[in-house]
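Protein chains in written order, with the numbering used here: chain A, 2 to 310; chain B, 2 to 310; chain C, 2 to 310; chain D, 2 to 310; chain E, 2 to 310; chain F, 2 to 310.
Hint data in this document are derived by calculation from the structure and do not stem from the laboratory.
Hints are not guaranteed to be accurate.
You can't tell identical chains apart in this list, so a pair holds if it fits in one copy or across any two.
[To be verified] Below, in silico cross-link-like pairs of lysine-lysine (DSS-like), each with a Cα-Cα straight-line distance of 30 angstroms or less:
(1) Lys298 with Lys224
(2) Lys298 with Lys110
(3) Lys145 with Lys298
(4) Lys106 with Lys224
(5) Lys106 with Lys234
(6) Lys298 with Lys43
(7) Lys43 with Lys234
(8) Lys234 with Lys110
(9) Lys298 with Lys106
(10) Lys246 with Lys196
(11) Lys110 with Lys224
Everything numeric in this text was worked out from a predicted model, so none of it was measured.
Number of protein chains: 6
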Amino acid sequence: MHSDSSILSKINNTVELLADSTSYNSVCREHRLGEPVPSSEKLGTIVNMIREILFPGFFGNTSLRPNTVRHYMGVYLDELFTLLSEQILAGLCFECEDRKSIDFKEQEKYAQSLAADFIAFLPEIRRILVTDVEIAFVGDPAAKSRGEVIYCYPAVRAISNYRIAHRLMQLGVPLIPRIISEMAHSETGIDIHPKAEIGESFTIDHGTGVVIGSTCIIGNNVKLYQGVTLGAKSFPLDEQGNPIKGVPRHPIVEDNVIIYAQATILGRIRIGHDSVIGGNVWVTNNVAPNSKVLQFKARESSFKDGAGI
Amino acid sequence: MHSDSSILSKINNTVELLADSTSYNSVCREHRLGEPVPSSEKLGTIVNMIREILFPGFFGNTSLRPNTVRHYMGVYLDELFTLLSEQILAGLCFECEDRKSIDFKEQEKYAQSLAADFIAFLPEIRRILVTDVEIAFVGDPAAKSRGEVIYCYPAVRAISNYRIAHRLMQLGVPLIPRIISEMAHSETGIDIHPKAEIGESFTIDHGTGVVIGSTCIIGNNVKLYQGVTLGAKSFPLDEQGNPIKGVPRHPIVEDNVIIYAQATILGRIRIGHDSVIGGNVWVTNNVAPNSKVLQFKARESSFKDGAGI
Amino acid sequence: MHSDSSILSKINNTVELLADSTSYNSVCREHRLGEPVPSSEKLGTIVNMIREILFPGFFGNTSLRPNTVRHYMGVYLDELFTLLSEQILAGLCFECEDRKSIDFKEQEKYAQSLAADFIAFLPEIRRILVTDVEIAFVGDPAAKSRGEVIYCYPAVRAISNYRIAHRLMQLGVPLIPRIISEMAHSETGIDIHPKAEIGESFTIDHGTGVVIGSTCIIGNNVKLYQGVTLGAKSFPLDEQGNPIKGVPRHPIVEDNVIIYAQATILGRIRIGHDSVIGGNVWVTNNVAPNSKVLQFKARESSFKDGAGI
Amino acid sequence: MHSDSSILSKINNTVELLADSTSYNSVCREHRLGEPVPSSEKLGTIVNMIREILFPGFFGNTSLRPNTVRHYMGVYLDELFTLLSEQILAGLCFECEDRKSIDFKEQEKYAQSLAADFIAFLPEIRRILVTDVEIAFVGDPAAKSRGEVIYCYPAVRAISNYRIAHRLMQLGVPLIPRIISEMAHSETGIDIHPKAEIGESFTIDHGTGVVIGSTCIIGNNVKLYQGVTLGAKSFPLDEQGNPIKGVPRHPIVEDNVIIYAQATILGRIRIGHDSVIGGNVWVTNNVAPNSKVLQFKARESSFKDGAGI
Amino acid sequence: MHSDSSILSKINNTVELLADSTSYNSVCREHRLGEPVPSSEKLGTIVNMIREILFPGFFGNTSLRPNTVRHYMGVYLDELFTLLSEQILAGLCFECEDRKSIDFKEQEKYAQSLAADFIAFLPEIRRILVTDVEIAFVGDPAAKSRGEVIYCYPAVRAISNYRIAHRLMQLGVPLIPRIISEMAHSETGIDIHPKAEIGESFTIDHGTGVVIGSTCIIGNNVKLYQGVTLGAKSFPLDEQGNPIKGVPRHPIVEDNVIIYAQATILGRIRIGHDSVIGGNVWVTNNVAPNSKVLQFKARESSFKDGAGI
Amino acid sequence: MHSDSSILSKINNTVELLADSTSYNSVCREHRLGEPVPSSEKLGTIVNMIREILFPGFFGNTSLRPNTVRHYMGVYLDELFTLLSEQILAGLCFECEDRKSIDFKEQEKYAQSLAADFIAFLPEIRRILVTDVEIAFVGDPAAKSRGEVIYCYPAVRAISNYRIAHRLMQLGVPLIPRIISEMAHSETGIDIHPKAEIGESFTIDHGTGVVIGSTCIIGNNVKLYQGVTLGAKSFPLDEQGNPIKGVPRHPIVEDNVIIYAQATILGRIRIGHDSVIGGNVWVTNNVAPNSKVLQFKARESSFKDGAGI
């Protein structure tokens, strides 16, 4: 194939180096025959199926005639149960360390019961998403119809994935919620940690660059613009200097708050209800209810020197 | 399939709840047999075909020999006409409310005439895009060739989609322009509303997080950096408290303006020609021509307390 | 197909306009029979294969048994060599202007030797990426396991693509490195120029909107947050008013620096070691070691006027 | 692309010859915008869907729990109705000559009513196919289970396609039945004309090379082996020397007949009930009930001359 | 979707009829969650992988350099083991009736041990297939090279599938061998039952229509032509009138026999070694060694009556 | 992955046996980097493209408007030239033994000139195929339209592949013609050797099982039925006992001959013009013009013994 012997020896030598287990011990993953593996492709199918279940007719071909819609829901839930049970099981297998002590059949049944619990929550997810769609439609002068909002707005996609992932996270499913939220992150630039708690009638305009951290608590009727960060400032460290896990470290945003583009809000602070945070500000302290916070006025000058700024 | 009767009854119960039309009435869409539906996949094909028509040889295999290029253009336009007519019709069907009063055959012919009008505008789109490519190449010290700019730069992709979507919007096509601009948004992080008006020799560096609102007017030779928002500040409300649609509410940016990363410019203000807006500023007032606007100087201090900021 | 003669004549007329070579001369690309063309799809396969080589078992199905892992590495490198040689050759062909003076067979051999040199560097790329994964895991209280970091974190994906593209750039491969970095840019919103130099233990939290320019130099143990720009302020122009290529114009960031969300740092300045740059600041001057730089305090006021900000 | 001018001129010249309409006038087909076209791929989907409807769980994932099987049937029939209506319409459009005189909307409704009539016949098709499966299973000592027969036996596939195509033919659908029977012909080597009439409990062993002509009439409980032809001998010609269409010209095979491999039975003859036709015979006359017909005894001799026969 | 109420009621009515379990009880198959199902697609992958293992470089891209071929074999066998274990398990599950009494984990281990036993036999399969390829090449004046024989000849494909399926059958794997032989049957028109026993240096010219029954025994160096049947004449019936399974009922063909096109040889007879059977004969009795058997001479006459034969 | 050490050692042991080059030396193929390989998938694309060129509108979407058909032909031929040049080159590389002595660039040019020569012959292929379609339509009482014949009849597909492969064979292209004819063989059961010479107005009814050998010569207006063999009887051997290549050994069939189902005609004999060969006969001698040849009359008897024949 490639006659040059120096090329061959380079490649052969590299094979040995890469096959040396000391070089990959901390960054490898072992499959076990018969265990399912997490699959972005299957999770994409699952999320699309759920979106069609929640918004019938938008992402599939559900017929809306009285009897037929029931048939579609019946088939979707049956297929969803199968697919989701497998991926939940894959998540359980991914995280578990000591597989010898685990009864695989028990894990499989546990995964199925989690899948059924998730399915039972779908009507509630639909109820909340209806409030999200409504507020996005009403609040955007450029929106022509609820249909356009559902079909085109990245916020609806990202918030749908979040509400799905959040429920799975509440049920204790490992890894899978994170994959689902990263799928939305990649598609929309909106990064909502599945552990965050977010109220009803939530919307994000444009969305790219939004970050909502894992211990955030967001009230009802909150609106964010692109580039908003609800992040952590610094982490308490344990005695070894590692961050202590699970400490609340992200903001609490109360009801009816609007946060404009590129605002960065860090730490376990509280943004009081009915406040407005202007764009491009850096906020690390509590904000009282009914406040507005704006960037210090920019310096404006006449621009004569052609070279720079 | 799953023997556990509690799982079965959960799923069966959820089927009934999800099939209850009161729960999905505002978030469903009804297909009608024989009507085309908007398809992201087909629109992706359409946009790729147009990109190959505009930049021959980059995204397909157009042969550039004198006679053959004509054959390719002939075939592409013939196929484009068919595909685009269908998707325009799908857009018309998506938005129309009262289908009984509509003559489907008339709609179909109308869609075809719009497709032909769009096609007739392609040479002008190519002419403008050539100016966009040129300015991106000339203005970027890292660009090796125009080919690299066309093939790799997200700005070229986003601006191409915008110019296509903008023309379709001008022709009155519903929904489809928005889908096309959201495709670019997802791929590049650049969100340009198809209704915005943008002059020649326009470029965006890096691009992620850029938002250009629907009533923006941008002159010639304007350059934006990543994270720039040209957005709306607040909306006049009607008597019911809903935003009034169609009011100009986004900035006017005159010729030869540069806007640096993360600047947020809101409201129907005017950024005068030949101005420079520095990064991370929040601008809500007019800026005179030949101005420069910079963020108020940051506070700098020595950093001793290891814990935080 | 479409009987309306005005439609036909519009289309026919447009064919002629688009086939006029003066309209596309500067934006076309000519294929030559037998020459490979750059392919995003094949480069996607290449990058996925490399990710599986570096992190065995995460993105493929490498079996980790002692002998078998060697077989997998042997097959992957053999296939990688073939695929990469072709794409490197495609990159060489893309950029070369005067093809008549080039010996195709020589180019082909040169591409193969570059591919082999790249492959020989893979163990070193793995070694550095292990430090990146480690710092991301240790520094994030929300991370459950190294596996989650490797599988889900966009930073790992973007930094992997960067380290691959950077090596190809060092070897002098044209175009291909840029395509690889733009693939990560599209998927993660993180835009790292393949020419930038970045030390070990590097991480980016969330990541969307990060830009790292082509002449950046970044030390070890640096952490960036979403929306951070390490960019250029202005370019020295040559006598024709075009930017001079290759001049250092992006920041130097020393070891142990943290830069928070949306900070914009422009120009050939130096951010001293062990400094912290707060979010949303605009920095265009050197920062001394052990400094912290924060945005000027925001204006906060009570919010009473319902209309706007 | 290819510099050699003689190659170019050959190709260019051929373009002109092939674009000359006199050369393709009798072998071309014109599409009309908006009309569906027959699609082997969609018909393959349709046939697979019908096979899953008829034999639940074999070719799809129908869940057999009491309520759920109804949901699956409901969804399959809804999707089948849409797909089949379109393909029936495509068949109607394919055959019609004078399209100007046709009301497209009427055709569309007609296609839908035919699709519904076909669907209403599916339970009867299932009933008959159950008899076919049963006789194949009982009569084959090598068959392990009915499941193996349904899943693996080419005869079941060919007879299923036939029974589907036959019903469509009876409903007057053009072209589509023929495509469906040719799909089975290509997969199994069994060529049953959709117009043939075939009773219950019909089976074909192995099957390759079986031909059953369009005016055949076959009773109940008939078994054919591979290579059997039930064909036409010669056709009455009209005054122009063309075959007269629609004249019965293929055999009638009565109940309980077995026909062994490679037998060729030609013309409108009658094979009486309970007869056996041996392999490799050529039969062009009536055969009385309860007969057996065998090839004249072969010549057997000692074989010494190594060269040939 | 379809307004006509008679269409709707037809479809709804059919749903009920098709969901009535009495109509499908004997022709359905129940899946169990977690059990693999037989998959033609996966078996196609398996067979292609085995063909590449046996004939390196023909159906994949195995590199033949000394070390690398070992890596390829290692990876192929590792992947084959996984895929084949699953499909063998699917076969075991397909056939087993009383699943409650089965320990799934035991079945899984059993499937794996069968897969390993099959793999251990691959070198022997290669050894025999080499003799088959050799005789096909040497015996066909039209064959240009062994490569053409391996790459193009349907006989090699059919015999390969047979030798694979035969070994799986010997190991006691249900269903899967039959699916593999039917795949070859569909592609080549050659139907070899996996239970048949066939010696070395076996070839089939052209092949379409060849049938080799399940209890056939074929010696070494036998050549068949298209349309040859080695079948059963009639079956002994048990007291219920059903065929008795497992009785030898197909021919024994000794070494060095040639059988010409369309010959039909039925029953447990013996074709003695070094015999030639001419085409189109019907043979139901033993044939002595060194014999030739030819069809009784055809009737030839002058052809004057234009109408028929 | 699979813990059982006996399984592991079986697999590891098999790897070594299969990697032993003495076991695969005669049945392997070596790729060379940069050389194209024959691809069934690409040849399928090529054949489909040619079918669309020959029968515009049947297998693609060629628009038949006067100017547009020319554009389509121009694009198809341009793409065909590229694809076919590559596959011809692959064929040349497949067969050549001593690659060291070959100038690759010369081979590439030679492949291109053969591709152009083939393309220049396409109008003639269309002209002949029109006669084939015509005779199939006129001669079949069941044919509804020429469109049905072109779209559905396996004979048209097989004869088209033959006429394409035959021309490539005449031009001296190795391997590729055989692959193209085997594609038709697999799809239709009709096996026509590309070297055979066949006149105009040729048709095959049903077709499965037809074999036409490589040195056959067939006149004009010949019709075959399914299962007909035009084969070789025995081959003259050279001194080593191998068949002498290239000797005429298949029948000559003169004009206006009809050959019925399952007839086997062997050897370099001549079937005189205007003859009819009845089904299931075995013919190894010349047949005079205007003859008819029928099978000796079958033995018919009453059938009383229920057991067998």
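TODO: Compare the structure with the hints numbered earlier in the document and write down the numbers of the violated ones, lowest to highest.
DONE: Of the numbered hints, 2, 3, 4, 5, 6, 7, 8, 9, 11 do not hold.
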